[in-house]
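There are 2 protein chains.
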Amino acid sequence: MNKLAHSLKEAIIDSGLSDGMTISFHHHLRNGDFVLNMVMDEIASLGIKHLTVNASSLFDIHAPLAEHIKNGVVAKIQTDYMSAALGKFISDGGMEVPVEFRTHGGRPRDIEKGITPIDVAFIAAPASDCSGNCSGKLGKSACGSLGYAIPDAMNARYVVVITDSLMQYPLIDWSISEVYVDRVVAVESIGDPKGIVSGTTKITRDPVGLSMAMDAVEVIRASGLLKEGFSFQTGAGGASLAAAKFLKDVMLKERIHGSFGLGGITGYIVDMLNEGCFESLMDVQCFDLKAVESIRTNPRHREISATHYASHDAKSATVDSLDVVILGATQIDTKFNVNVHTNSDGYIMGGSGGHSDTAAGAKLAMIIAPLSRARLPIVTDKVTCVSTPGSTIDVLVTQKGIAVNPKRKELKQRLVDAKLNVMEIEELKELAERISGVPQQTEHGERVVADIIYRDGTIIDRIYEAKAR
Amino acid sequence: MNKLAHSLKEAIIDSGLSDGMTISFHHHLRNGDFVLNMVMDEIASLGIKHLTVNASSLFDIHAPLAEHIKNGVVAKIQTDYMSAALGKFISDGGMEVPVEFRTHGGRPRDIEKGITPIDVAFIAAPASDCSGNCSGKLGKSACGSLGYAIPDAMNARYVVVITDSLMQYPLIDWSISEVYVDRVVAVESIGDPKGIVSGTTKITRDPVGLSMAMDAVEVIRASGLLKEGFSFQTGAGGASLAAAKFLKDVMLKERIHGSFGLGGITGYIVDMLNEGCFESLMDVQCFDLKAVESIRTNPRHREISATHYASHDAKSATVDSLDVVILGATQIDTKFNVNVHTNSDGYIMGGSGGHSDTAAGAKLAMIIAPLSRARLPIVTDKVTCVSTPGSTIDVLVTQKGIAVNPKRKELKQRLVDAKLNVMEIEELKELAERISGVPQQTEHGERVVADIIYRDGTIIDRIYEAKAR
Chain P
1 MNKLAHSLKE AIIDSGLSDG MTISFHHHLR NGDFVLNMVM DEIASLGIKH LTVNASSLFD
61 IHAPLAEHIK NGVVAKIQTD YMSAALGKFI SDGGMEVPVE FRTHGGRPRD IEKGITPIDV
121 AFIAAPASDC SGNCSGKLGK SACGSLGYAI PDAMNARYVV VITDSLMQYP LIDWSISEVY
181 VDRVVAVESI GDPKGIVSGT TKITRDPVGL SMAMDAVEVI RASGLLKEGF SFQTGAGGAS
241 LAAAKFLKDV MLKERIHGSF GLGGITGYIV DMLNEGCFES LMDVQCFDLK AVESIRTNPR
301 HREISATHYA SHDAKSATVD SLDVVILGAT QIDTKFNVNV HTNSDGYIMG GSGGHSDTAA
361 GAKLAMIIAP LSRARLPIVT DKVTCVSTPG STIDVLVTQK GIAVNPKRKE LKQRLVDAKL
421 NVMEIEELKE LAERISGVPQ QTEHGERVVA DIIYRDGTII DRIYEAKAR
Chain A
1 MNKLAHSLKE AIIDSGLSDG MTISFHHHLR NGDFVLNMVM DEIASLGIKH LTVNASSLFD
61 IHAPLAEHIK NGVVAKIQTD YMSAALGKFI SDGGMEVPVE FRTHGGRPRD IEKGITPIDV
121 AFIAAPASDC SGNCSGKLGK SACGSLGYAI PDAMNARYVV VITDSLMQYP LIDWSISEVY
181 VDRVVAVESI GDPKGIVSGT TKITRDPVGL SMAMDAVEVI RASGLLKEGF SFQTGAGGAS
241 LAAAKFLKDV MLKERIHGSF GLGGITGYIV DMLNEGCFES LMDVQCFDLK AVESIRTNPR
301 HREISATHYA SHDAKSATVD SLDVVILGAT QIDTKFNVNV HTNSDGYIMG GSGGHSDTAA
361 GAKLAMIIAP LSRARLPIVT DKVTCVSTPG STIDVLVTQK GIAVNPKRKE LKQRLVDAKL
421 NVMEIEELKE LAERISGVPQ QTEHGERVVA DIIYRDGTII DRIYEAKAR
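Here the protein sequences come in this chain order: P and A.
Counted the way the working numbering counts, the first sequence spans residues 1 to 469.
Counted the way the working numbering counts, the second sequence spans residues 1 to 469.
A few of these clues could be false.
The list cannot tell twin chains apart, which means a pair is met if one copy fits it or any two copies do.
As the list claims (entries may be wrong) - Calculated cross-link-like contacts (lysine-lysine; reagent style DSSO-like; alpha-carbon spacing at most 27 Å):
#: 1; residue 1: LYS315; residue 2: LYS290
#: 2; residue 1: LYS9; residue 2: LYS315
#: 3; residue 1: LYS113; residue 2: LYS409
#: 4; residue 1: LYS315; residue 2: LYS113
#: 5; residue 1: LYS245; residue 2: LYS335
#: 6; residue 1: LYS194; residue 2: LYS76
#: 7; residue 1: LYS88; residue 2: LYS382
#: 8; residue 1: LYS202; residue 2: LYS315
#: 9; residue 1: LYS194; residue 2: LYS88
#: 10; residue 1: LYS409; residue 2: LYS253
#: 11; residue 1: LYS49; residue 2: LYS113
#: 12; residue 1: LYS400; residue 2: LYS467
Read the hints as simulated data drawn from the structure, not as lab findings.
Treat the numbers as computed from the prediction; the structure is a model and nothing was measured.
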């Protein structure tokens with residue numbers, strides 16, 4: 001009954017991993033993660049080939065994956081997010097088989113339904129006991145929630161926990177229990193704490209961002225949703241965080257007690273919990289140390305699995321009860337379709353994450369985006385890639401005006417009545433083009449390099465090989 | 001997305017329940033449970049027939065099930081424990097199809113492997129929100145852990161939560177999450193708090209019981225297991241509780257810091273946690289109010305699922321890491337086989353519960369039992385029914401002496417060296433017969449009324465129709 005492996009290599013051999021199988025990783029260690037590269041190097045040295053890598057997200061630190069693709073160790077990638085380093089490699093046609101992009105809710109759905117079965121899951125665990133009861137809340141590489149890893153552990157044929165803090169049995173505050181774990185490997189370090197904590201969790205100082213954040217809060221107020229029991233999610237971008245800060249001020253001033261904050265959690269949302277804006281936090285991922293400290297110590301700050309967060313096929317998920325979500329966009333078109341996968345040139349530099357899941361679930365899904373970035377218009381006729389369908393987006397807030405999805409007539413009237421600067425999205429597009437020029441039609445190659453799989457399993461768009469202009 | 005049913009009847013109809021299906025119940029409300037009878041009456045009134053009832057345990061309050069068996073509503077019973085009222089009905093041949101007895105670890109194993117699939121699980125939940133995030137820790141019928149219900153909720157095709165405390169969404173301290181729940185029904189009362197708390201959680205005053213408890217602690221000391229990291233489980237019987245009390249005194253005096261207390265948890269084990277004998281408690285069921293209060297408020301007192309507690313087919317379970325368990329017996333034979341299913345006349349009045357699971361897992365599995373009860377010898381040539389195989393039992397402690405399983409030679413030597421009153425089990429049997437007389441061979445009928453299914457899925461014994469002497 002001893003699950004402790006002497007080495008990662010031994011654990012991989014014990015798992016029976018062989019050519020053509022699927023392995024999985026989670027991304028709570030973000031850009032500080034050592035585990036994916038460590039595992040891939042070991043697998044490569046064992047001569048195992050043609051693997052599918054199912055990773056909840058891939059960051060720049062995972063750029064070495066490109067070498068394993070070139071060498072035939074990795075034949076296919078499934079992920080919810082891919083940052084620019086690997087994104088460029090894929091967009092340049094570096095991989096034969098298209099990447100499968102899913103959402104944070106679609107990934108656990110497809111794992112649980114057996115659409116994307118996992119042979120061996122590798123769980124980077126900041127703390128684990130010898131039987132595999134493991135947690136992200138403790139240890140020198142503490143990352144807080146392990147929410148995205150839970151479906152992997154529960155459904156993989158074989159589960160290897162990799163930790164740099166081996167604790168006495170039983171680790172009582174486990175996120176993943178021993179019943180799912182086959183092997184535990186102790187290593188020197190699973191990650192770099194500086195990279196684990198996001199660099200983006202600071203409020204913007206940019207006046208454009210601040211002005212949009214203020215308008216976002218005015219939209220929420222005018223929507224009628226900001227009342228007792230209010231629930232909220234926002235991202236970790238600067239303007240989104242500013243919106244959280246301004247929202248907190250309003251809620252405290254008006255003594256509004258919300259029910260829950262959701263999502264990737266930052267210190268700003270923790271402040272809202274601690275100051276009484278919310279009864280609880282539902283946390284699938286911690287973005288900063290304050291969030292990690294809070295989930296470790298505050299029982300009202302609770303870890304949720306990716307399934308509980310956002311699965312389309314769970315009997316219900318938290319996103320289904322969400323009032324308001326604030327989201328970003330690299331592009332949004334006049335049908336409110338949002339692109340968060342590629343830049344305007346069509347290069348992969350992101351992914352849906354929970355974008356489409358929360359947009360579909362929330363009563364009010366709001367995009368905050370400036371009209372243009374780096375002299376390229378954000379509001380456009382047609383997005384290069386549909387990440388989130390416009391039918392699930394309710395409002396766009398820009399620095400020049402606010403556009404409401406035409407199917408939300410009652411909401412539009414509310415914003416007009418509140419004297420907000422409501423415009424048609426086509427007007428915003430024209431404004432954007434007046435500032436930054438009409439964007440050239442992006443040319444692309446013939447080959448599909450990625451499929452965008454919506455949360456219900458349907459392919460809603462494809463990304464083609466990019467052609468540098 | 002509204003899961004709230006207007007009535008239990010509506011929820012049953014929505015579940016698609018029909019003739020021949022399997023429904024399940026858990027027993028955390030013990031002899032105070034209103035839910036099983038309430039559901040069965042509603043099902044009977046809907047005219048649904050030939051159901052299999054899979055209940056983690058059945059108490060005297062569930063005696064009305066006999067009527068549903070007679071009327072053809074219930075065709076088969078699967079359970080881990082059945083108290084005397086229903087036990088007599090079954091032993092008298094009241095049911096055509098044999099009862100399937102499993103263990104607390106075998107039940108979740110067979111549910112998870114699809115051997116005993118559940119169509120509709122009915123979860124008695126002392127607190128739930130409208131989406132089915134539910135808990136046993138809160139509400140007027142609080143029972144603490146919902147550990148036995150977790151595998152049912154995770155694996156049933158349809159899950160109905162029945163609560164008498166509907167809470168605001170999200171109920172943050174859920175034991176079972178909304179992702180598994182189809183319908184929530186609010187009722188006036190799910191149980192009688194007086195029956196929920198066991199009547200057995202008091203230390204014995206009987207000098208025989210106290211003497212055996214003291215000897216049990218001496219056996220633990222002599223075994224060499226009572227040291228840093230020690231782990232322990234005991235039942236809720238009077239002598240077992242007395243052993244816990246004496247063990248606590250020893251651990252405090254000798255400053256031994258154990259790792260965990262396991263099992264059905266009583267206030268005595270909570271005291272051991274609070275006074276520093278254990279780092280944590282792993283709790284599949286609370287036996288008294290002190291345990292309920294502790295699991296609600298102390299993060300080191302953690303709920304575990306039945307799978308995590310004891311499943312034979314989990315990648316590991318807590319019983320696998322257990323040092324010592326103290327168990328009871330209605331009979332034990334000279335091969336150390338233990339009967340906890342029937343009385344000496346062969347009438348069903350119990351069941352394995354976690355008996356065989358903990359015996360198999362623990363490094364030291366000890367039976368405490370007096371030589372005789374009600375003038376019937378407990379130690380005998382051959383038990384009427386093998387609940388737990390003798391190969392997994394290490395020691396028998398009686399008021400007249402201590403017997404060690406012959407295969408544990410090293411342990412026997414330790415007890416001899418500690419000058420404990422070690423005897424052969426055959427000697428204890430003879431002593432018992434000298435006191436109470438040689439028991440008559442129990443006669444029984446031809447018909448099998450129950451199968452005893454061991455934790456690995458094999459049938460280890462059968463119970464036959466009883467013949468009253």
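Each hint, compared with the structure:
1. LYS315 x LYS290: Classified as neither: same-chain Cα gap 32 Å, cross-chain 34 Å, threshold 27 Å.
2. LYS9 x LYS315: between (39 Å within a copy, 20 Å between copies)
3. LYS113 x LYS409: Neither, since 37 Å and 51 Å both go past 27 Å.
4. LYS315 x LYS113: both (13 Å within a copy, 21 Å between copies)
5. LYS245 x LYS335: neither (30 Å within a copy, 71 Å between copies)
6. LYS194 x LYS76: Classified as neither; 30 Å inside a copy, 59 Å across copies.
7. LYS88 x LYS382: within (22 Å within a copy, 75 Å between copies)
8. LYS202 x LYS315: So LYS202 and LYS315 fail the 27 Å test inside a copy (35 Å) and across (42 Å) alike.
9. LYS194 x LYS88: within (24 Å within a copy, 66 Å between copies)
10. LYS409 x LYS253: So LYS409 and LYS253 fail the 27 Å test inside a copy (29 Å) and across (74 Å) alike.
11. LYS49 x LYS113: within (26 Å within a copy, 32 Å between copies)
12. LYS400 x LYS467: Classified as neither; 32 Å inside a copy, 89 Å across copies.
When held up to the earlier numbered hints, the structure conflicts with 1, 3, 5, 6, 8, 10 and 12 and fits the remainder.
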